[in-house]
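Take the given structure of chain S and dock chains D, P and R to it, following the hints.
Chains as they are written, first to last, in the numbering used here: chain S, 1 to 364; chain D, 1 to 364; chain P, 1 to 364; chain R, 1 to 364.
Calculated directly from the structure, the hints in this document are not laboratory data. Check before you lean on any hint, since a few could be wrong.
[Said to hold, decoys possible] What follows is a set of in silico ranges between Cβ atoms, one per label pair, in the way DEER data are often shown: (1) P:Q170 - R:N355: 32 to 40 Å; (2) P:Q170 - R:G234: 23 to 31 Å; (3) R:R325 - S:R40: 14 to 22 Å; (4) S:R40 - R:S33: 40 to 48 Å.
Even for Gly, the Cβ is constructed at its ideal location relative to N, Cα and C.
The residues making up each chain are set out below.
4 protein chains.
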Amino acid sequence: MVGGGEGSFIGYVHRVAARLDGEYELVAGALSSRADVARRSAAEFGIAPARAYDSFETMAQTEAARADGIEAVAIVTPNHMHFGPAKAFLEAGIHVICDKPLTSSLADAEALAAIKPDNGARFLLTHNYTGYPMVRVARAMVAEGRLGKLRVAQAEYVQDWLTEAVDTKQAEWRTDPARAGGGGCIGDIGTHAYNLMRFVSGLQLEALSADLAAFVPGRRLDDNVHMMLRFEGGARGMLWASQVAPGNENGIALRLYGDKGGIEWRQAEADTLWFTAFGQPAQRITRASAAADISNAGHRIPPGHPEGYFEAFATLYRDFAAVIRGEPREELPGLADGLEGMRFVTAAIASSTANARWISLNDI
Amino acid sequence: MVGGGEGSFIGYVHRVAARLDGEYELVAGALSSRADVARRSAAEFGIAPARAYDSFETMAQTEAARADGIEAVAIVTPNHMHFGPAKAFLEAGIHVICDKPLTSSLADAEALAAIKPDNGARFLLTHNYTGYPMVRVARAMVAEGRLGKLRVAQAEYVQDWLTEAVDTKQAEWRTDPARAGGGGCIGDIGTHAYNLMRFVSGLQLEALSADLAAFVPGRRLDDNVHMMLRFEGGARGMLWASQVAPGNENGIALRLYGDKGGIEWRQAEADTLWFTAFGQPAQRITRASAAADISNAGHRIPPGHPEGYFEAFATLYRDFAAVIRGEPREELPGLADGLEGMRFVTAAIASSTANARWISLNDI
Amino acid sequence: MVGGGEGSFIGYVHRVAARLDGEYELVAGALSSRADVARRSAAEFGIAPARAYDSFETMAQTEAARADGIEAVAIVTPNHMHFGPAKAFLEAGIHVICDKPLTSSLADAEALAAIKPDNGARFLLTHNYTGYPMVRVARAMVAEGRLGKLRVAQAEYVQDWLTEAVDTKQAEWRTDPARAGGGGCIGDIGTHAYNLMRFVSGLQLEALSADLAAFVPGRRLDDNVHMMLRFEGGARGMLWASQVAPGNENGIALRLYGDKGGIEWRQAEADTLWFTAFGQPAQRITRASAAADISNAGHRIPPGHPEGYFEAFATLYRDFAAVIRGEPREELPGLADGLEGMRFVTAAIASSTANARWISLNDI
Amino acid sequence: MVGGGEGSFIGYVHRVAARLDGEYELVAGALSSRADVARRSAAEFGIAPARAYDSFETMAQTEAARADGIEAVAIVTPNHMHFGPAKAFLEAGIHVICDKPLTSSLADAEALAAIKPDNGARFLLTHNYTGYPMVRVARAMVAEGRLGKLRVAQAEYVQDWLTEAVDTKQAEWRTDPARAGGGGCIGDIGTHAYNLMRFVSGLQLEALSADLAAFVPGRRLDDNVHMMLRFEGGARGMLWASQVAPGNENGIALRLYGDKGGIEWRQAEADTLWFTAFGQPAQRITRASAAADISNAGHRIPPGHPEGYFEAFATLYRDFAAVIRGEPREELPGLADGLEGMRFVTAAIASSTANARWISLNDI
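Chain S with its partners taken away, still in its complex shape:
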């Protein structure tokens, strides 16, 4: 693991997700850029002192050279520190599991996507919401044509934790352009909403018109994002991401409508997918009713027993273990998705700066 030392939320999440299915063991880490924190955290997580590194470069080289070196690394640093480690480990032939967004700048993302390691190293971007069973069921239903030709897509990711100025560790780097990149809310959660929309719908974005705002006095990055979308083939969409909407915790949701039907999903009711074939009663599809059709949704327990955030996250880890073993898993987000996410963020900022002018993704 790179990053994820004391006080890191996302590092903890990755560790739990990695552990859940018993496919990974944490044996090495460069857990912090501060040596003492890195050492202390390594000890706490049961990493042997010899494999507790001060820098990701050393770690990549040393582990690649060991007979029992790590097979995969999880990169859970702030956005601006994704590129360096990702490049180093990929080039060292070590599989990379990287938190989103891919990088803090489009240039970095393109550079990273351009790496074609001939050593077999694979890349997983943890767009974790794609690991929810019902999200995968939704994707399969769209692909099967159950919705017909898509017309309208609505995605949102709504929080309230930045309603007032905050200075926790979580909030600090996310609102600092130097570390988060040019986008605040758009990069932190807007990319999740956009990726969820793409993952389920398969739609290709053509152009967007974005209106970013920073409502909290003194905030340097956007905390609310409004956006209109036009997709290839004629579908239209909207996307709302906010961190200043009191009463919303982690409200990521998706609604898709085609000429034959519609689906709705939201994380708060993660085990439920609403599907309506036009003219028919709405169906509440659960893992029970969908299980027969969908072999790769990846659920673990009987429906009615809720599966949550960790399980969805762990499904990415489990599937990536399968990929490492050589089994294909087409649902996994990778470098191309990360690059697309950065183009999306870049286009959104450009559009908003130009008074919400429509920006073609081809112009980015």
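Leaving out everything else, chains D, P and R in the frame of chain S:
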């Protein structure tokens, strides 16, 4: 009543709403532009033959001249036939209850709004969703500052009945530019969503950027509307109206967020208002819990017994009866609201035509 | 109308329900046992002084003798005052609309049910929840065998308004054995839950075991009812009625399960019926999706626009008008249902008094 | 681990739960009574051959004798095979984590509860629903008096998987009296509902009246349970458990009402607790809003990101690890709770056999 003969949905709704509280009696009508339908419908509704008119002009003149002439008229014709009757009755000193949108063109709306009858005639525009008790509670809470300074407004009105081409009477005029005006979905239900947003928030729209689409082959007016909004004072918003979203029946909903709290309301759960003071648990406010604070919400039965669409509609009728008696009711939508709605529709069409360029309402 | 003067909640409800479809006109009344209240209320409701009676006996005789006498009477007095007026009007050949429960004692109920007027007078008991469209859809689905052979029935009606001692007019007579009869909560709302269960399921109760409690100090009648049920044919059930459950307003709900499927309905979401065919996804059936199959559900507006309590109540009035015109309406609750309700209450009290011993309905 | 070999659902759940927080490592097992299955399963789970035992007796002795012997064992066999292993490991000084119900007979339960090992061995009964954060919040709120004096308790656990005859491994032993004990549904899930009710309310059961039924032809144990409850201090309750209610997956739910307020919780919305102080709006309490007050609810991630079944289960494991380290955790279910559960099952069967006669728990 003008319009509302056989087969009219909205005419029926107005009659039920008028009857519910016992404040109105239907005694005269020009119920159809076709004389036989007008006559037959009058007979069916218990209107004496002498007061079943062939034209609204005759009706306005004759009733104004009768000692026992009507006090108020309900205009429930298609959009392009609002202006004429409204003008005639207002000038005849008869109170007007008019379905929305105000007219089919902005010019008509401005002409109508310019009429200042010195005869005391009053005007009610049946933006019926403003009659829901919890919508009025929401408005009062915003006015009291419970949400703080408003930042984000999200409104939507989503249907699916035009997902495929339809040729019912309901659908026909609504999709005909000559009778509906230049807007389809935007005028029919977008105006409701916009009015609801204005009514509750009190926000003044500064500019909008709209993306209208007509998805069904052959349809001449928009059936899906995406819109971004900028309000005076800095708040931002989005509005979605659609008639092609399978699984949605009459899904009008509003979400508002300020720096102190947020509220959410949707017609499907009309008796419930969700309120969250930032950092506190969300509250499910019902007519029970709000009753003490809110004297003018206008509910009729104990909470838990749902009040529905007719009751909300009837509340406008009941309140307008009070206005006619000389009691002020500031919540009632009137000519100014109708004019604002037409400016909204006009701006939306202009913006969409100009590739979703931001259009200032002041430029309309 | 008999009863229903100033301050009466249920009288007001009956008047609105009668008015909604335009099938009834209120022209005469014995609105209170106190002459001044009766007179004042009559004036308020637009009843001519000549037809504002001091006693129901006079009213029945006088109206029966008038050429333009009333066709039907609504009896909305406290329970112990149902029997007398119902008998008088039925014998006078006037149709009776009577609030539930039928009477305050089983003996009265039996006496009333024994009346077989040869004058054509009909009887409607306003078990108003049977007027909800989706309740009627549920009944039709059970009758069609969509649930298979019924096994389990769960009904509840839960309120909180008597959580503390109250002394409003509403509360006062309902908690007084002399006026309400031997049952409190069981008669007031337990009978509604039981009737709803019977109406939808068609099940015939064989025996019950009841545990009644009066939780509020000083209360003389039950305010909470627990009950187990055994039906002919082997189905089992439970029923919970309470007036002391904080957070519940008028929570009447029904769940039925057979060997092929299950349904769930609750008033708070009155326009929705949940149906699951065993092994299939749950369906959210609305008036839209059910409309094709169900001709007599009686709804008035497009789905998504909520229909509420008044509409359901009014449906009974509208259907009874049809019955008076000679059109059969098998769904309407009548004397037999009222008698069954009184046997149910009597059995419940007997069972509870005998330490929840099973009581056969045949022994009542 | 004892039991839990190939094809075991609950064994898998225990392994995931044990792994989630990184506090346990699976190093030894007697995973099946069939030697080949035991061996094969051990290999699959990464247990060294030397510690893959054929019998739990051998395992208990051998592990107790090893310097690096196991600290704790998880017993996940069918009900009739809980007693033997539990006794053996407790007496060997090894901590026991045992699935519920405690045993298959009351006699076994009493014998087990009578063991007072002086070796410090501790016992955890995995009534896993007590591990949900909002369930623990509910318990704390009741204890703080937020509901006042409790009056009414309603618990249910409703499934549909046994609606028809099934012959999977899961179904087979659960419907076999020799292995499940005298209760079917009552022991399998009724005990969970009862334990949840006790855990949150703190109420002590005085007497019950139960009506058990086996609806599916040929089924030898109950598949539906209706029950009325009387608690010390005067509160009353109902409990419904069913495995034949189509549309219900694992619907465990609890509602409690006192003279000051009420709470509602259901697993399908596990992260939400509804609380109403009488006369106030209902509150939707989440982990966010409750976090400040409740230190031991044990949640892991920010609210809005759902935590599910595995997390709740894992919380018991994590807390039990704390107990083993010597930190008190009063929320954990243990032997006394298991014994109470068996008395509950025994009383339910006795009552049902005696035509739902009230049975005092003191008579069991």
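Outcome of the hint check:
no. : hint                        : result
1   : P:Q170 - R:N355: 32 to 40 Å : holds, 39 Å
2   : P:Q170 - R:G234: 23 to 31 Å : holds, 26 Å
3   : R:R325 - S:R40: 14 to 22 Å  : holds, 21 Å
4   : S:R40 - R:S33: 40 to 48 Å   : holds, 47 Å
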